[in-house]
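Novice: Please work from the sequences and hints to get the whole structure.
Going down the list, the protein sequences come from chains D and C.
Note that my numbering has the first sequence beginning at 295, numbered continuously upward.
Note that my numbering has the second sequence beginning at 295, numbered continuously upward.
Be careful, since some hints might not be right.
The list treats identical chains as one, so a pair stands whether inside a single copy or across any two.
[Stated by the list, open to error] EDC-like cross-link-like pairs, simulated, lysine to aspartate or glutamate; straight-line CA separation at most 16 Å:
1) Lys461 to Asp449
2) Lys446 to Asp456
3) Lys461 to Asp441
4) Lys461 to Glu448
5) Lys419 to Asp396
6) Lys373 to Glu422
7) Lys429 to Asp371
8) Lys368 to Glu422
9) Lys368 to Asp426
10) Lys419 to Glu407
11) Lys373 to Glu407
Quick caveat, the hints were computed from the structure, so don't treat them as lab data.
Protein chains: 2
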Amino acid sequence: MYVKLDAFACICQNHRMNIDNKMKTKRSSLTDIRINTWAKLLRVSQYLFANIEADLKSARLPPLSWYDVLLELKRVDPKGLRPFQLQENLLIAQYNLSRLIDKLVTAGYVRREICKQDGRGHSLKITESGLDLQKQMSPIYLQAIGDHFSVKLEDSEMQSLDDILIKLQNH
Amino acid sequence: MYVKLDAFACICQNHRMNIDNKMKTKRSSLTDIRINTWAKLLRVSQYLFANIEADLKSARLPPLSWYDVLLELKRVDPKGLRPFQLQENLLIAQYNLSRLIDKLVTAGYVRREICKQDGRGHSLKITESGLDLQKQMSPIYLQAIGDHFSVKLEDSEMQSLDDILIKLQNH
DNA sequence: TTTTTATGAATGCAATTGCATGTAAATATA
DNA sequence: TATATTTACATGCAATTGCATTCATAAAAA
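Specialist: Dropping the structure here:
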């Protein structure tokens, strides 16, 4: 995530070229559009993500995943969250979250507290440094989203995209 | 990102909750929708990709990146392509493409040929085994796209998504 | 109450990725 | 023609990720 998630720019192109144009039916052209759009979805989202993360990097800020965790912990401050709760919200693999938390703790942005209700884990809480970092990253990140993403779509298109994405995330 | 491209599910949620509802202006609600949609775009595309790649994995097939390369080389068979041309089409980092090609050559799906016109590089060509593997992967991959992606949208929605993605990929 | 199963979290190991660098060849410049 | 710069590709090293496993604790079942 790549990333593994390198684009499939050629899929639509190759598929179009592999289809015998003389035998092109309505069904195959519909299939072509779908594959084409799928490849574009992957390529575009990756392209935008790379651009936005590059802005953070230029500003010498940590990756977006740090921002995510800090934002989540800030939201529930001072209560804190269990790692499995963060994992659910952020859709990050358990073993990666464990390591990510390690780094945030080492950097002083997060602290682990013993969980009295469940001896297996702990509560994660944001520190003062963490609040500062999140506040520092926020405008840069929001600006990057504006520059690379929002600026390209009309409000009606943004709403359409949102509606479509809701349909795509459902089962 | 894949990946690094773990979802930002909480961004929209957290932003919404951090906004003082009483002071919510039209501008801030528009900003909220944009950030919300951005986070959904990343999360949904990653979610779909993971599901589709899982289908390939279940079928004991190589990752999508192998398919990409094979498809591109099949398209231009028997002419072949230079690695930098593949890199442009697939939007993969040069150092990763180099290693990916290594693996495909070792596995017998691709072969490197000396490029007479340019001694710095070589031409990449698909082998018979490579053609077989591409043909084997194709229906599984297309089925997975159908199952996880196409089935969820009406044709008009697919067209809308395609139009929006075209706008997003432009500068 | 005891035993079995599930859950939460950390970690070893291997594979992959990100980055910078090096080398050879091609191209541009003087 | 000679020199400088750019390009194509491979690779060393460090960091990250994927996977399976392990251990401690909680919950469920007997």
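Novice: Enumerate the violated hints, using their earlier numbering and listing them in ascending order.
Specialist: none
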